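Student: Each chain, written out:
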Amino acid sequence: MVDTAGPVFRSPVGSTISGGPLSVTDHTDTSKLVVHASGDGPTAQALGVRFARACRLAHAGGPPRLVVGTRPFEWLIIAERGQAPSIRAELPDDPAASVVDLTHGRTLLRVTGTPSARLLARLCNVDLSDDMTPDLAAFSGSVAGLMCDLVREDVEGDRSYLICFDRSYAGWFAGVVVDAATRLCQEEQQARRLPWRS
Amino acid sequence: MTTRRLPGAGAELNRDEPFTFCWNGAPVAGFSGDTVVSALLAGGHDVISRSMKYHRPRGVLTADYWDPNCMVQIGSEPNVRGAHRLAAPAMDVRAQNVWPSLRHDVKAANALVGRFLTAGFYYKTFMQPRALWPAYEHVLATFAPGGSVDLDAEPPRCDIRFAHPDVLVAGGGPAGMAAALAASRAGADVLLVDHGHRLGGHLRWGSGDDRARAAQLAAAVRAAGVEVLTDATVLGRYDGSWVGINQRTAPGVWERLVKARAKCLVVAPGLIERPYVFAGNDHVGVMLSGAVRRLLNMYGVVPGERAVVFSANPDGAAAACDLRSAGVEVTVVDASTGVRLERVEGSRRRAQAAVLSDGRRLDADLVVTAIGWTAPTTLTNMAGDRPVYDEASARFFPDRLPPDVLVAGGLAGDGSVDELVAHAHATGAMAARRGLTVRAQLRRATPRADPTVTSVPPDADEPVPLGRDPHPALFMAGSHGIVDYSEDVSSKDIVDAAAEGFDSVELVKRFTTSTMGPSQGKLETVNTVAVLAQELGTTIGRLGTTVWRPPYAPVSLGALAGRNDIPRRVSALQDWHDKHGAVPLHAGNWLRPDHYGDPAAEAANVRNAVGVIDVTPLGKLDLCGPDVADLLELVYVNRWRKLAVGAVRYGVMCTEDGIVMDDGVTARLADQRYLMTTTSSGAAAVWEWLERWLQQERPQWDVRVTPVTPAYTSINVAGPRSRELVAGLVDDIDVSPDGFPYMQVRTGTVAGVGDCVLLRIGFTGELSYELHVPAGFGLHVWEALLATGAALGIRPFGVEAQRILRLEKGHFIVGQDTDGLTRAASAGLGGLVKLDKADMVGRPELGWAAARTDLPMLVSILTDDPSVVPVEAAQIVEPGTNAIRGRITSSRMSPTLGRSVCLGQVDAALAHPGCALTIRLPGGAQVGARVHDQPAFVDPEGVRLRG
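So the protein sequences, as listed, match chains A and B. Read in this note's numbering, the first sequence has 88 at position 69, and its numbers run on one by one without any break. Read in this note's numbering, the second sequence has 294 at position 289, and its numbers run on one by one without any break.
Don't read these hints as lab results, they were simulated from the structure. Accuracy of the hints is not assured; some may be wrong.
What the hints assert, rightly or not - Not close to chain B: a few residues of chain A, all C-beta gaps over 12 Å, as computed:
no.	residue
1	THR35
2	GLY38
3	PRO40
4	ARG75
5	ALA77
6	PRO82
7	HIS123
8	LEU139
9	ASP149
10	THR152
11	ALA156
12	SER179
13	GLN205
14	ALA210
Claimed, not checked - Derived coverage of chain B by chain A (criterion: at least 3 residues anywhere in the stretch with Cβ under 8 Å from a Cβ of chain A; other residues may be distant):
no.	stretch
15	327 to 337
16	454 to 464
Unchecked claim - Not the full set, but computed from the structure, chain B residues with beta-carbon under 10 Å of chain A:
no.	residue
17	VAL360
18	ARG444
19	ILE571
20	VAL588
21	HIS591
22	ASN594
23	LYS647
Note that the structure is a prediction, hence the values are computed from the model and not measured. Just so it is clear, CB atoms sit at the ideal spot from N, CA and C, and this is done for glycine as well.
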């Protein structure tokens, strides 16, 4: 049946978890723009975020936007859905820059909780210790064999990571992350119950 | 019964938790904390296995992880180390490789032909006659050692984890614990790994004071926040101190592979007690002093009633003392007096007497040796060190270590527990300094790291070296005995190998297989070298050891494989496909609908009405910048500079050697904006290809490439009624033939969804439109098409129907009809290649290929018998000789024509229209065929496509 109410945005993420020490939530329903620009041009200056860092930039039209320096000369802007046209309009007129709307091309998961780094250590070989990957650090890595862009963005003091990746893998990948998170929580619960074997 | 449980003893046991398990079908009692073998011995079962070749009864030798005689089958799990694995209620434990039973093993008949089964016998036997090889294979397989694998059993779950410790300590004895503690207190992040079930090392089977010391250290380690992995083995140390760890006891998984990038590695594995080589040394009841102390003190098991202890060091004396305390009658033979243990006599089941070199014959059902140690230098060897033999101490020591590897404990030297702990403490502090220095360097070099962290690694003095206690060099008596218990290799085998000319330890190892068994040389390497050195008249130091390679201990393939995650990619329409009966097709990582029940009917519907297919996996790249046209001109074989905005062009990419690499269409959306499509399987490779040319060869070009494959749900609408269908769903695009001609692109709104890209192209040969819809709305548009098209006879079609349709049109598929040797000219693309371009990838090769007349050609083929559909890859042959002249690359039954149609590659001489061909089918039958006079079988003028 056709959705006669009009087009409905559908996320490809099938499974999430919340309510425990670890949550995995779907934030695919956001605007995502990839910006390529030269490092010293007006676009780079307007974004004001260097490679490997992220920043929440306030703006008048709504919630702050997350600007991530994903690669040298490349940024990812994550904002409330529907903001893509206004973001484009706000960027300076820069012939050496391009903006590609990947709102529909990328999926966004957020992993939050004290064990979130231990969860990612099951899936990703990046050193997630606080000095190597502090709050608002941005990096790319293989997570469960899939190349992803990640940002550590703690939420109200809770350790948290955003994982951005190719939409077509979303169902499978979310399942892997949720499964790993569920098992980690079960293991840590079990380990707390066992006497420590010295 | 000579083995029994001692009431009240056994530090590992929880006697409040008794249980039973099965041993070869009979019940055995045990306690929580027992290993399988300690429980068996407590129950009087002293024969655990049969030796590999001669099937001699074997009992406990070391009573630990390395015991070569204690491999058992537990349930469906083979080759379990029974002296290490903890027993559990209801376990089904069985002996391996015996028939019909452990007690009465028919395979012991091998001993009767033992003289023919000496080391290396398989290089000389089972060769002739060749016709008997299958029989030989069957015989050898029957006698092969090891347990059995149940192929129907559910595979256990394995897992993986990554770690980045500042200091990784391999070995959890007193030295390892002290090093870990010191490193942690110095501010390092520490991971401590031990293959025992608890920390403590040799203190666990020592005196009460030893065990208390172990517990004290372990508690301090815990309080310091050190991460501890027990029942885990460091498998190897690779470049950059990348260390693999096999964790066997992790909740929820059977095994976990921990991949650790350690900034500094401390190797503290302790020492491994070495067996003595003499006649009868593999009798049941012959064991090492450490085995005795482990059995008595850890598990409360008395291993015999009357013991002879042949001792060259205080550990032998301690074992004798422990035995006496357990009520065993003990005779100590002091090796330092020069008396040697010559042989052990016994029945088929147990030792009965020890015969000394001075002629004495001592009755004994337990013969214990304490003649020295092997230093497991494996990890230091993997770090590039070649250990050096110390004659006075009669063992190897590491020599030159890289700065990120340190050693502690017995590997570093000798001393009291306090001395070893003090040295390890200093080593740990040094490891922390080195590890934290590396961490600081990494932090400075890593853009995402916190620039405000500027901690300075603490000072640490170099550890004062430990002394080396002298030890008699005792390796073998005057008689021959077993050197490698796992492989049934005797000292005579080694002597015979030397006599045959195998005069290096590496050659002897490979010829005899000594050190190649499950213990991987831990118990037998030094004895092998010693026997060989004696035979060759040289020294152990000059001969050296073999090179230790990972893994340190055998590891299951499951642990190495880890999680069995196979990435799966789907389009936004996959749920719809599943619900509507699509038969799935796995195309690389993509799951696609192959058909919905009747591909021929689906194809026919496209020819007669209209069909829709999900082509989301099609590779799509967004190209932006002033130099895009230059890039296209470079990577494609045809011209691109004059492609107008709104136009689409087909292009083929070739590699630098002129081989067809990929094809697709590229649309110019705006002045500096293009959308390139590629094959589904080539998407990643093409992206990499473009980036390679932009970054390495043309860095001055301003082109930005963004992969957008998943950003669009791509739908091909094909068939004579496709224009009517599309027109019904778009308002802002003129889809009339003049408004939207063939090979044009438009952007607009489809079914209320904006930012759609529409291409008027056609792979199927029908009037068709390729719609690229923002993926989040893909299902909406798909359903809108189906609803609107219901009155037009719409039907979804899958990949199989698409393949039929394109084949009817003679359209080739890169990778199906071309291969790694197919040049553009061979694929019929000679006209597309513009050799007068200033430059393009592969231009020289393309030019040379164009001038040749002998290249194989891709042609359309019709079989003489229209009902025959040759299998793809069927050979095209010369009749009579069967010389291969080509092959069928694509082949289907055409519903449009009611007959088979094919594409194939053939030799140039056979490629002209009308030429007769012979196709050889599987099974040998041959059918006639002819080269078709047109590439396309249906609508060769392309009227339907361009309409």
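Student: Run every hint past the structure and note whether it holds.
Tutor: Structure-based check of each hint:
1. THR35: Answer for A/THR35: holds, closest chain B Cβ roughly 17 Å.
2. GLY38: holds (20 Å)
3. PRO40: At about 16 Å from chain B, A/PRO40 clears the 12 Å cut-off, so the statement holds.
4. ARG75: Holds: least Cβ distance 17 Å, greater than 12 Å.
5. ALA77: holds (23 Å)
6. PRO82: holds (20 Å)
7. HIS123: Violated, since 4 Å does not exceed 12 Å.
8. LEU139: violated (9 Å)
9. ASP149: violated (7 Å)
10. THR152: A/THR152 not clear of chain B: closest Cβ-Cβ about 6 Å, inside 12 Å.
11. ALA156: violated (4 Å)
12. SER179: holds (16 Å)
13. GLN205: violated (6 Å)
14. ALA210: Answer for A/ALA210: violated, closest chain B Cβ roughly 6 Å.
15. 327 to 337: violated (count 0)
16. 454 to 464: Held - the stretch 454 to 464 of chain B has 3 residues with a Cβ nearer than 8 Å to chain A, which meets the minimum of three.
17. VAL360: Cβ of B/VAL360 sits 44 Å from chain A, so the hint is violated.
18. ARG444: holds (8 Å)
19. ILE571: This hint holds: B/ILE571 lies near chain A, its Cβ roughly 8 Å from the closest one there, short of 10 Å.
20. VAL588: Violated: closest Cβ of chain A sits about 19 Å from B/VAL588, beyond 10 Å.
21. HIS591: violated (13 Å)
22. ASN594: holds (8 Å)
23. LYS647: violated (22 Å)
The structure fails hints 7, 8, 9, 10, 11, 13, 14, 15, 17, 20, 21, 23 (numbered hints given earlier, in ascending order).
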